[in-house]
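Enquirer: Each chain, written out:
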Amino acid sequence: MVAGIDIGSLTAKAVIMDSARNILASEVAQRGIIVDTEAARMCMQTAIDKANIHRDEIAFTVSTGYGRNLSGFGDKNLTEISCHAKGAYFLDPEVRTIIDIGGQDSKVIALESSGIVNNFVMNDKCAAGTGRFIQVIGSALALPLEDIGALALQSAQPAKVSSTCVVFAESEVISLVANGVSKVDILAGIYHSIAERMKGLIKLVGVKPKVMMSGGVAKNKGIVHFMEQVIGEKIYLAPDPQIVGAIGAALYALDEVY
Amino acid sequence: MSNNPEKVERYHNRVAATKAIGEAVEAYYEKCWDDAEKGELTAWGEGIAYFPLIRAAGVNYIFADAMSARMGAKKFPYAKLAAADFGFLDESCSYARFHIGASRILKGDFPYDKSFDLRKIMAPLPNVYFNTDCCSAGNTWGDLLQRYLDIPTYTVYTRRVFNRDEWDPEMNHVTEQLKEMVTFIEKMTGKPYNWDKLREVMLILQQSAAMRQRMRELLKIKPAPLTYFDVLSTFSSFTILHGMPEAPKLLEGVIKECEDRVAKGIGGIKKEKYRIYWIGAMYWSRLGFMAEKMAKMGITVVGGTYDYMFYPFPEEIDPDKPLEALAYAPISCGYTTDNDLAPEMSDWRICKDLDIDGIIVWEAHTCRLQSGTNHDRADYISSRLGVPVTYVTGDFVDDAFFNEAQFDTRVQGLLEVIDARRRGK
Numbered sequence: 001m002v003a004g005i006d007i008g009s010l011t012a013k014a015v016i017m018d019s020a021r022n023i024l025a026s027e028v029a030q031r032g033i034i035v036d037t038e039a040a041r042m043c044m045q046t047a048i049d050k051a052n053i054h055r056d057e058i059a060f061t062v063s064t065g066y067g068r069n070l071s072g073f074g075d076k077n078l079t080e081i082s083c084h085a086k087g088a089y090f091l092d093p094e095v096r097t098i099i100d101i102g103g104q105d106s107k108v109i110a111l112e113s114s115g116i117v118n119n120f121v122m123n124d125k126c127a128a129g130t131g132r133f134i135q136v137i138g139s140a141l142a143l144p145l146e147d148i149g150a151l152a153l154q155s156a157q158p159a160k161v162s163s164t165c166v167v168f169a170e171s172e173v174i175s176l177v178a179n180g181v182s183k184v185d186i187l188a189g190i191y192h193s194i195a196e197r198m199k200g201l202i203k204l205v206g207v208k209p210k211v212m213m214s215g216g217v218a219k220n221k222g223i224v225h226f227m228e229q230v231i232g233e234k235i236y237l238a239p240d241p242q243i244v245g246a247i248g249a250a251l252y253a254l255d256e257v258y
Numbered sequence: 001m002s003n004n005p006e007k008v009e010r011y012h013n014r015v016a017a018t019k020a021i022g023e024a025v026e027a028y029y030e031k032c033w034d035d036a037e038k039g040e041l042t043a044w045g046e047g048i049a050y051f052p053l054i055r056a057a058g059v060n061y062i063f064a065d066a067m068s069a070r071m072g073a074k075k076f077p078y079a080k081l082a083a084a085d086f087g088f089l090d091e092s093c094s095y096a097r098f099h100i101g102a103s104r105i106l107k108g109d110f111p112y113d114k115s116f117d118l119r120k121i122m123a124p125l126p127n128v129y130f131n132t133d134c135c136s137a138g139n140t141w142g143d144l145l146q147r148y149l150d151i152p153t154y155t156v157y158t159r160r161v162f163n164r165d166e167w168d169p170e171m172n173h174v175t176e177q178l179k180e181m182v183t184f185i186e187k188m189t190g191k192p193y194n195w196d197k198l199r200e201v202m203l204i205l206q207q208s209a210a211m212r213q214r215m216r217e218l219l220k221i222k223p224a225p226l227t228y229f230d231v232l233s234t235f236s237s238f239t240i241l242h243g244m245p246e247a248p249k250l251l252e253g254v255i256k257e258c259e260d261r262v263a264k265g266i267g268g269i270k271k272e273k274y275r276i277y278w279i280g281a282m283y284w285s286r287l288g289f290m291a292e293k294m295a296k297m298g299i300t301v302v303g304g305t306y307d308y309m310f311y312p313f314p315e316e317i318d319p320d321k322p323l324e325a326l327a328y329a330p331i332s333c334g335y336t337t338d339n340d341l342a343p344e345m346s347d348w349r350i351c352k353d354l355d356i357d358g359i360i361v362w363e364a365h366t367c368r369l370q371s372g373t374n375h376d377r378a379d380y381i382s383s384r385l386g387v388p389v390t391y392v393t394g395d396f397v398d399d400a401f402f403n404e405a406q407f408d409t410r411v412q413g414l415l416e417v418i419d420a421r422r423r424g425k
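Chains as they are written, first to last, in my numbering: chain A, 1 to 258; chain B, 1 to 425.
Keep in mind the hints are simulated off the structure, nothing from the lab.
Keep in mind it's a predicted model, so treat the numbers as computed, not measured.
Certain hints may be false.
Claimed, not checked - No farther apart than 27 Å at their CA atoms in a straight line, the calculated lysine-lysine pairs in the DSS-like style are these:
| # | chain 1 | residue 1 | chain 2 | residue 2 |
| --- | --- | --- | --- | --- |
| 1 | B | K19 | B | K271 |
| 2 | A | K76 | B | K296 |
| 3 | B | K19 | A | K76 |
Given only the sequences and the hints, what does the whole structure look like? Please build it.
Expert: Set out below in structure tokens:
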């Protein structure tokens, strides 16, 4: 057995895989404001427990994400670029463009037909257009994260949200609420602005179908809808888009052992 | 971190001879301070300035960008604060901000921690300013300093050249202004212009350019005996020490050491695994840090576009036609003209000869001029050679725009792509 762990800013994701490339268990853990060593360790242990194995049975672990260098994790570390590419290609070998929107960064990866990364671009200098942004807005609108995806699809007239900064957007949202704009329209406006921001990044790499979205934000139906509108392509989702990076990391771990 | 510096493992095998250039630069700044105290003229100027023209007149010339780079490298925090206090947004050119901030500190208009010795960090206030209008920031920068310091200023206006038909008219336009600049210099110095000295300065510049070319040849060797960071460490020999007799001798020292390394099979880094081309400016505040970081990753940066600034080719410097040579420099610079008119900055053949594995594009956050052109260059070279590219954001001298985690992830991602391509999977 091998393990892949993706230690991000908001969540840690772990995948346990056997030599036949079957996913035995996975876990997504969120603890506190940022992911620390303890949160990552708990996530890994929970995945191991779910797989009904012992820690000693893990032959190799690959870590990825911004926390990939946290001590005690990973016999090897690789960036999310490689791991998301590998994970997405494993789930669907027809994928050629991956859009990953995580907690604190977003990236677009172009794949060749062999699965090799052709090009990539990242936005990790600005929280606007990341999971953190959606978290802040959800909080400002007093809506639970699990509800705010589909809600936006009810909007007939998305609000115009002009701020490109998370902090100022939050202020703008509060102002919109005060002016009687519905939460549904505000959410739709926010998602549209995120999609527009991503468009610039996507254009740098180019869109080639099939397009897959990965990362926690891909679970947000509203974002996916607006992304499809903006890029003009259907977006495919993995059964659990949040663990795509961890799957890729586990596959790389398999490469080391077998 | 080890308390014993002997035990710190180094991956960048720095060319020792570059240290002598650093020492010569410090000595030059000291001389500028001493001369200023004696009442001798000090000139400041920014952009791709016509410094040889000023050097030949016997005037101590301070290249503003270099002065800002020095302040960044010395971690002097007050220049930036002084500029912010003046109203400058952090988003504006950091060369300009640091330089303008320095002028406020030198004038006594902004406080700083007196434990900093300004002689070791900046240059004395100028008596005259040379503005080169190389970019919109440069133009405003010079204008502001002229008014703030209330000193005579000469501006050379360079128009952007879009095609070959515009080349000769613009050469004439700039050359005519340089003739007037000579008249201006004569007025400032009270002496007839020394054309023989200018010829001498241009000859020295030509010798320096030939040595730079030799360094570029050395970078083609595998493993490269030096890195692009070593090359950049020599820059001050032609941006600060330009036209001074010691400049070519210092460069010769660097070349000799590299040739000796080639004979012994010694590389510029501990173990060269990747050969990378660097498009864009450089993080002058942390040159040593970047050199070590790249080396630790097994990266030899074997060249970069910044090396094609400031008179890179000896054949473009005719000591008998100095004004034309000086006019050529800003017009042909890849940051002020179109890519096909400054081919060396986009020349995929240069990168092919260097046998590069990938490209890093350094986006200086506060320089729109650079950011606009770098993407084109990277795309072009990448598509011709089939090598991957990564973009990292930083700045020339402002540490606020550099995020090490971001840098590490993007560069590591690039190396993983290179590795995957090498494996074919």
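Enquirer: A separate judgement is required for each hint: does it hold in the structure or not?
Expert: Right, here's what the structure says about each hint:
1. Distance hint between K19 of chain B and K271 of chain B is fulfilled; the C-alpha atoms sit about 22 Å from each other, no more than 27 Å.
2. Of the pairs offered as hints, the one joining K76 of chain A and K296 of chain B holds, with about 16 Å between alpha carbons and a cut-off of 27 Å not exceeded.
3. Using a Cα cut-off of 27 Å, the hinted pair K19 of chain B and K76 of chain A is violated, with the two alpha carbons roughly 37 Å apart.
Going through the hint list in order, the structure does not satisfy hint 3, though it satisfies all others.
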